[in-house]
Amino acid sequence: MSTFLVAVGVGLATAAILALSAVAFTLEYAVSRIANFAHGEFLTIGAYAAYSGQNISHQNVVAAAVIAAAAGMLAGLALNIGLIERFRGRSPISVFIATLGAALIVENVLIMIYGAANVSYTFAQGNLHHVGPFLWTTSDIEVIFSALAAAGLLYLLLQHTRFGKAIRAVAQDRTLAQVSGIPARAIVMRTWALAGAVSGFAGFILAETIGTFGPQLGFNFLLLTITATVAGGIGRPYATLGGALIVGLVIQISGAYTSSAYQNVFAFGLLVVLMLFRPNGVFVGRSMTAVRA
Amino acid sequence: MYWVSVFTEAGIFAILALGLDMVWGWGGDFDLAFYGYLALGSYMTFVLTIGRPTPPVEYILGWHLPVLLAVPIAVVVVVAFAAVIGSIALRNLREIYFAVLTLAAVSALYIWVENYTQLFDGYNGVYGLINPGQTTLRLTYNGYRIVLLGVVLVILLLAYLLVQRISRSPYGRMLRSVREDERAAAAYGRKIFTAKFRTYLFGAAIAGLAGGLFAIFVSAFNPSAWTPQELLVIYAAILVGGRGNPRGVIVGVFVVYVGLIELTRFLPSPASRPDFSPALRQVLIGLMIILMLKFRPEGIFRERPGRDEPGKPARPAIRQFRTRVAAATSRAARVSGSPLGSAPDEGGAG
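From first to last, the protein sequence lines are chains A and B. The opening position of the first sequence corresponds to residue 63 in the working numbering, with each subsequent residue numbered one higher. The opening position of the second sequence corresponds to residue 11 in the working numbering, with each subsequent residue numbered one higher.
Take the hints with a grain of salt, since some may be wrong.
Which chain A residues face chain B? A few, computed with CB under 7 angstroms, are given here [what the hints assert, rightly or not]:
| id | residue |
| --- | --- |
| 1 | Ile155 |
| 2 | Ser156 |
| 3 | Asn170 |
Some residues of chain A that are not near chain B, with every Cβ distance over 12 angstroms (derived) [stated by the list, open to error]:
| id | residue |
| --- | --- |
| 4 | Leu67 |
| 5 | Ile118 |
| 6 | Gly214 |
| 7 | Gly304 |
In case anyone wonders, no lab produced these hints; they're calculated from the structure. We put the CB at the ideal spot given by N, CA and C, even for glycine.
For reference, chain B alone in the conformation it holds in the complex (with noise of 0.2 angstroms):
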């Protein structure tokens, strides 16, 4: 049963980290934010399904959705928060002022639910979603735990599936054009902020997805359970895995994942200090991720170069052609870039 449930966290991040993918790999934005959404599409869980806070415990909505139902209005919940938060950020932020305002946005949310306990009951969370749909399905509690790691892996399945076909469609190809040079592809005619904008919220609606699953899995949530770090093993796996490579990622969570909780499970954790073990694994993330962008940028699995057909290798001319713009644009970009990334009154002699 241990292995059910490391895996099946696993997968929860998996498909959390197929949309941040699709956020920073192939939009290249370094988004802080993204936990904020996790976290959000799992308390809005909750609340629909729960019913009624018992006082002093208080929540807004208090329903008593079945979880089906629950799981797609905290979607729509995430995805209008991420509208406004993408809205702001993605209209001129760019590179380390879109990440500082994406880490603004999630730091005000997580004061606001921390301490407005009308929202989430604040720092107590909310908790009791246990195992929805187990007396309807007719299961025993670890059959149950076992269908819900299938229920995951097979959403994880077709998470990638949809993600894959995407980043092989002419979107896919349109955004990491976007991501290499801005304005070049705003010259070719592209709509930079609609497709940063459609891809933000795509994220963000896998996050709240994940969210609601994250929620079944630990059926109680509150905010020491997302603080802003916890999105660090998220992009430690993306990086390790190879960076806007589907299959990558997915193996880099796994490995990240799996691998972390087994070096650091068998360390012998003094009873007085219960803080040593889990701070120590969060030590190996920030190494992690400090040596693989030092030594492999690029990951395990290189990101696949655009295809003009299925299953053929973009052609030779076309290959130089991207070489000689990459170099020039570099070249440019070293004369006039600014170091920051751009903001609005920025780069403005472009």
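Just chain A, with the same shape it has in the complex (with noise of 0.2 angstroms):
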């Protein structure tokens, strides 16, 4: 029992990591209407951002989260408006290998400056804390709280502002909401910049999570990251809050039971199964029969 338990915990954290990452995806993914491969990048850049500034910071957790999210946020923004904006119109397809041909820029970028070798944090990982029948150390509940406080933060701004009321009109038909009155191209460039300064925090906690990182961090996260957002129906990023908790218990459960070397595998066995069956999701209803063309 209390080997399931840990697990729970300690895939409640991946959860948190997972749903900021997911939600970024998902919300790049309305805006665009596109599958960005380079969405780990935004991670890794974060992670590697918050360890260049480590000394900088004074091993100040907070500015090093700070440090990340700037990161990534610059990341984003140079994508969208370096690849993704000059690639409007064409098939998602070729703006998909588009993204993946990023994805292996900046990881190459990244080697190339800090090397291929793993790097770690030097922040104290704090000690480990019975809360309620969970065992968490004081990062975990420092992550498991930014990651709630920052999906409350994105809740209030895609429901309550300008900005997100924007987001969500562009989202639903682009022409439409410029016609409108809405600045589509700006809100377009402006959620790139939010999606990726909220992968660049989640790719700092998901470092400091794990302990070791190395260039590879984010494109290892990004079939996860999809997984969950398959699972919670992409473009929607309430849903993909749902499935990032699905695929962190999954994988933390199936881990402690077999070998954390093989969790991996039964997120990818989960993601196969939800593409077959329920490509919109866990929470809709089978819409239609499936076309076999």
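From the two separate chains plus the hints, produce the assembled complex.
Here's what the structure looks like:
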């Protein structure tokens, strides 16, 4: 029983990080209608920026988090301006391949700067705490609460500000939003900045939770992000949170009972099952029968 | 000898690219699992030829077959594995859903091979297939490498002729029609899944063969040799050469592969940073992919239009009809198409 509860506890921390990454991924999809395979690199950039900023920020976790988010935001803006907008109107698969190329570039530029070997932060992990039935380190608790706070802020932003309203309008129909007087291009750009910032922050807390990380950090996390996104239903930010919870629990619980090396295999299995039977997410009923062209 | 080795490797990758171009160029399926098939073919060739493992090294089988027998068996294993993935992925997942599923499949295979050491000795990998047949053929080491290059080039030529033949056959044209408009092709009675599935298996068989040749060429193989990123070099080569055009694909591989190696060979690589040069090479490949997609997505050599009779271009009326159909379908796709390609629950309105 205790194995199970510890796994659930770790699963919740994983789910919190996954939720942030997946919400950002789904926001990018919502405004630009593309699957961004360079999304994982936002996380990697955030993690490395915090690593570089460690000494400047004097081991201050909050300052490191801000640096990570800022770096992620710049990366999001750069990708949107340099690639996504320039490929507007092209078929989704060619934009997808282009983002894959961008991911390759970012990952290897990071190798050129930091080397291919793993690095690690020197922040204190803190002590173990028993919170209710769960066993968490101080940093686990920080991760969960900061992720919850970020998710809450995102909700307020999307639901109760003009900017959020504009994002939702652009996500529904960019042209219609444009003719209604919404500066669609600027909104898309700001959404990418927002998604980049959220991902950069997610990358920082992911790297801190894992302990050591390398240039592949984000790309390895990307398939989990996509699994969470598909589980929630792509393009639906709130359902994505539920998807992240499912995936986080599945990988940690399955990992606890088999071997942590194989936990991602369970997530990929889940992804395959979801794509075949529930491609619109687990929270909607099957709308129509499958088309076998 | 340096050049012999460069061209042998490029030749093997050209064979692989021909297979991948059938799946992506003609079938239109962006497959990210493809490098896994080369890896599996390589691993199988090793474990079928290098004999019993000596502890602590461990791997399955450990047979002592001659290479000429081992490679075909490896190809069969690869095709069987591809059949499992293909039968799941090709049934109703398309475009990005297909790409994500194949990436998930190859990642799962990768994790499995890396951690389950009984299979192919995990991270250490398998080794020991050193110049099979060298003594039988009574060759010197250098002579053997040159003969190997010749064998690779002959196989490349045969693969090219075969692929070119299929490309111009009714089957090749049918496949392209499926790529251009699946529903229209289905309406004309084409069996979409069967067509795509057969192509996928054929492509995987070529990848398995390339894997067998690769095993002979490198004589050691471990997980660091087949990270999913390796495949992007092949995609870059196909994009440069011309997707769907077998001749272009071969030229693309030689241009990208030989060109890149030569370009980055003379760069100073700091002794303290051995990762620098390979990383720079990957950056250039990423740039090449993006620039080709942006400015010349059809590549150096365009895909050739289908022909009614050998040597005669399509009749003007047919060409006109084709343009009109293409315009109409792209209009229709804009209206009803799902941006990420189709998944079972989407596009049901059609």
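The hints, checked one at a time:
1. Ile155: holds (5 angstroms)
2. Ser156: holds (5 angstroms)
3. Asn170: This interface hint holds because 4 angstroms falls under the 7 angstroms limit.
4. Leu67: holds (26 angstroms)
5. Ile118: Ile118 of chain A is indeed farther than 12 angstroms from all Cβ atoms of chain B, at 24 angstroms.
6. Gly214: holds (29 angstroms)
7. Gly304: holds (18 angstroms)
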